[in-house]
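So the protein lines, in turn, are chains B and U.
According to the working numbering, the first sequence is numbered sequentially starting from 1.
According to the working numbering, the second sequence is numbered sequentially starting from 1001.
A couple of the hints might just be wrong.
Stated by the list, open to error - To list a few chain B residues with every Cβ distance to chain U over 12 Å, as calculated:
id : residue
1  : ALA153
2  : LEU205
3  : ARG223
4  : GLU242
5  : PHE247
6  : GLU253
To be verified - With a straight-line Cα cutoff of 27 Å, these simulated DSS-like cross-link-like pairs (lysine-lysine) come out:
id : chain 1 : residue 1 : chain 2 : residue 2
7  : B       : LYS130    : U       : LYS1135
8  : U       : LYS1298   : U       : LYS1135
9  : B       : LYS155    : U       : LYS1298
10 : U       : LYS1298   : U       : LYS1371
11 : U       : LYS1134   : U       : LYS1371
12 : U       : LYS1134   : U       : LYS1298
13 : B       : LYS196    : B       : LYS155
14 : B       : LYS155    : U       : LYS1134
15 : U       : LYS1242   : U       : LYS1313
16 : B       : LYS48     : B       : LYS94
17 : B       : LYS93     : B       : LYS179
18 : B       : LYS179    : B       : LYS48
19 : U       : LYS1371   : B       : LYS155
20 : U       : LYS1298   : U       : LYS1313
21 : U       : LYS1134   : B       : LYS130
22 : B       : LYS155    : U       : LYS1135
Simulated from the structure, these hints should not be mistaken for laboratory data.
We put the beta carbon where it would ideally sit given N, CA and C, even for glycine.
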Amino acid sequence: MSDSGNGSGNGADQPKFEIGQETMVQMDGVHKWYGQFHVLKDINLTVKHGERIVICGPSGSGKSTLIRCINRLEEHQQGSISVDGIELTNDLKKIDEIRREVGMVFQHFNLFPHLTVLENCALAPIWVRKMARADAEEEAMTFLTRVQIADQALKFPGQLSGGQQQRVAIARSLCMNPKIMLFDEPTSALDPEMIKEVLEVMVGLAEGGMTMLCVTHEMGFARQVANRVIFMDGGEIIEENEPTEFFTNPRNERTQLFLSQILH
Amino acid sequence: MSDTTMRDYQSDPLVHTPAPDLPPPATSVGIIGWMRNNLFSSPMNSLLTVLGVVALYYIIPPIVNWAIVDATISGTTREGCDAAGGACWTFIKVRFWLFIYGFYPEGEWWRINITMLLFFGPLLYCLIETTPGKKWVVLFLCIPYWPIGGALLLGGFWGMPFVDTTQWSGFSLTLIIAVTGISFSLPLGILLALGRRSDLPVLRMICIGFIEFIRAVPLISILFMSTVILPLFMPEGVTFDKLMRALIGVTLFSAAYMAETVRGGLQAIPNGQYEAADAMGLTYWQSMRLIVLPQALKIVIPALVSSFIGLFKDTTLVLIIGLVDLVSMIQSSGADIAWAGYAPHGYVFAALLFFVFCFAMSRYSMYLEDKLHTGHKR
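Bound conformation, chain B alone (with noise of 0.2 Å):
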């Protein structure tokens, strides 16, 4: 059974932006199968322009296969999702169009390289927005200055630590201004001390207003950040409340169990 908590944040260290009305991401009665493996059962999520949600839960849930179908990595079997109004079908048109909205920022990195960390930047805009290169270089400068990384802007991939990897990872999804971003365990494959730059980041996202989705074990950002946080085990969301409320008071004796053994 799934709480449904109101998204207003009213803890003292919730950043102060508003929630607006439009709705970013609307998920009904999603269903996945991998073959026989019912991976995602009964999804009902409504997500609003601004909404910073953040979904824990032990490996296997399904976190990473929920968000992922938001942006059609993957298909969604039964129910419906509609991301920014636009309903998510197999017309590649559409499938597209989503794409170009939703910025994702993958566990590892997935950075391209054979190219410089400038042109890793400039690449969707250039030749999915149609803009002229010098323009989306320099806009591309901008975001890398905002991640603070912008001295490395000739470098290769390779030649970066995790945690720099990671912050041009989060630029490079910037650099097609996109409304929604989905974070897919960021910070769980880097080692402790980068693991901070990147949570910075995405504080400092989070604060500019970005409607978020942030699949990740990091429980202090959840705190921090987070209008909502969403429990999920074995491919249902079991609970579902505000931070301060959800860690306090947990409702459904699994999230209690999850909560034990990770808040230590």
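Once you've looked at the hints, dock chain U against the given chain B.
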């Protein structure tokens, strides 16, 4: 260990002075070091080194004697060779232009030279990093070059006499077939590889069927089939040029092998690269062109160049269908009564010529890998 070598923590606990760089010991670098590591690193290796030197002593001097010391290259008849007893390079000298240009009329050799220059010139231009306008050069090589080169070699216009394709022979024919085969089979192989990985079942089955059929059959059979079967598809009375049949056969054959090589490269690209390209909204062809193929082709450069070298050597098989390539030309020269007994020299010459070209391709591939930094960290 004396006290002076230990760090003095008492006087300077917080300042870290890095230890100075010392030079390595004399016996581990330079020529002595190289010999110790590579030739004499263990008793077994030392024994093998000694045996190797002995073997070289028995092999090298006789070869040098035969090929250089006792060899003859002067004159135009065999008397000098018979007298000296060593290699008869006179035979090669006399027949040299025949081996290279074949039956192509001597006055028209410039056409072959220009056609080859028109190909290798722009190719070299593309290889230099800083030259501008590479896009146009590549475009020229892709499309206009082929009809221009073909027309130039065939002739029949602007006062240039017509030279039928059966007269294209010798090493120039080898080069023509190899260059055409390599240039067309690589793009075709890439398309086949992409088609084989496609989600469309019909396309996938066609590509798999084509690749598996070609790979199951030797090149000789393909050449025979193209000689016999292709004319059957032609309307009545239209004959298919024999050289064209050979070119099609060689190209299709090579394309199937290229396809599998390229597919190996595509498989080696981590899924995350495809996903990142998709997530950014790139179309299929954009992600292939900008992200996947640059990485995949870089990975398989060694295998691709091996295929090219193999193709270059396989062109000799066209002698089976009656085209006169270098080896066939040497064969018929060797059968000439005037030079009886010296036929093997021709084959040695052919081997040297092939070695020069194949080795050049191999070195070029290493240069390319170095330049493209194929060992970059993922």
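| said: Beyond 12 Å on every Cβ pair: is that true for ARG223(B) relative to chain U? | reply: The assertion about ARG223(B) holds, with a minimum of 28 Å to chain U.
| LYS1298(U) and LYS1135(U): Cα distance at most 27 Å? | Given that 27 Å is the threshold and the Cα spacing comes to 19 Å, the pair holds.
| Hey, LYS1134(U) versus LYS130(B), does the alpha-carbon distance stay inside 27 Å? | Holds, at roughly 22 Å.
| Is LYS196(B) within 27 Å of LYS155(B), Cα to Cα? | holds (22 Å)
| task | Starting from LYS130(B), check that the Cα of LYS1135(U) is at most 27 Å away, please. | result | Distance of about 20 Å is within 27 Å: holds.
| Is the nearest CB of chain U more than 12 Å from the CB of PHE247(B)? | Holds, because the least Cβ-Cβ distance between PHE247(B) and chain U comes to about 31 Å, which exceeds 12 Å.
| query | Are the Cα positions of LYS179(B) and LYS48(B) separated by 27 Å at most? | reply | holds (11 Å)
| task | Say whether it holds or is violated: ALA153(B) keeps its Cβ farther than 12 Å from all Cβ of chain U. | result | holds (17 Å)
| message | Just to be careful, I want the Cα atoms of LYS1242(U) and LYS1313(U) compared with a cutoff of 27 Å; is the pair within it? | response | Cα-Cα ~20 Å, so holds.
| Does the structure keep LYS93(B) and LYS179(B) at a Cα separation of 27 Å or less? | holds (18 Å)
| field | Satisfaction of hint between LYS1298(U) and LYS1134(U), Cα-Cα up to 27 Å | value | Holds - the C-alpha atoms of LYS1298(U) and LYS1134(U) are around 19 Å apart, at most 27 Å.
| message | Please verify whether LYS1371(U) and LYS155(B) have alpha carbons no more than 27 Å apart. | response | holds (16 Å)
Checked against the numbered hints given earlier, the structure satisfies every one of them.
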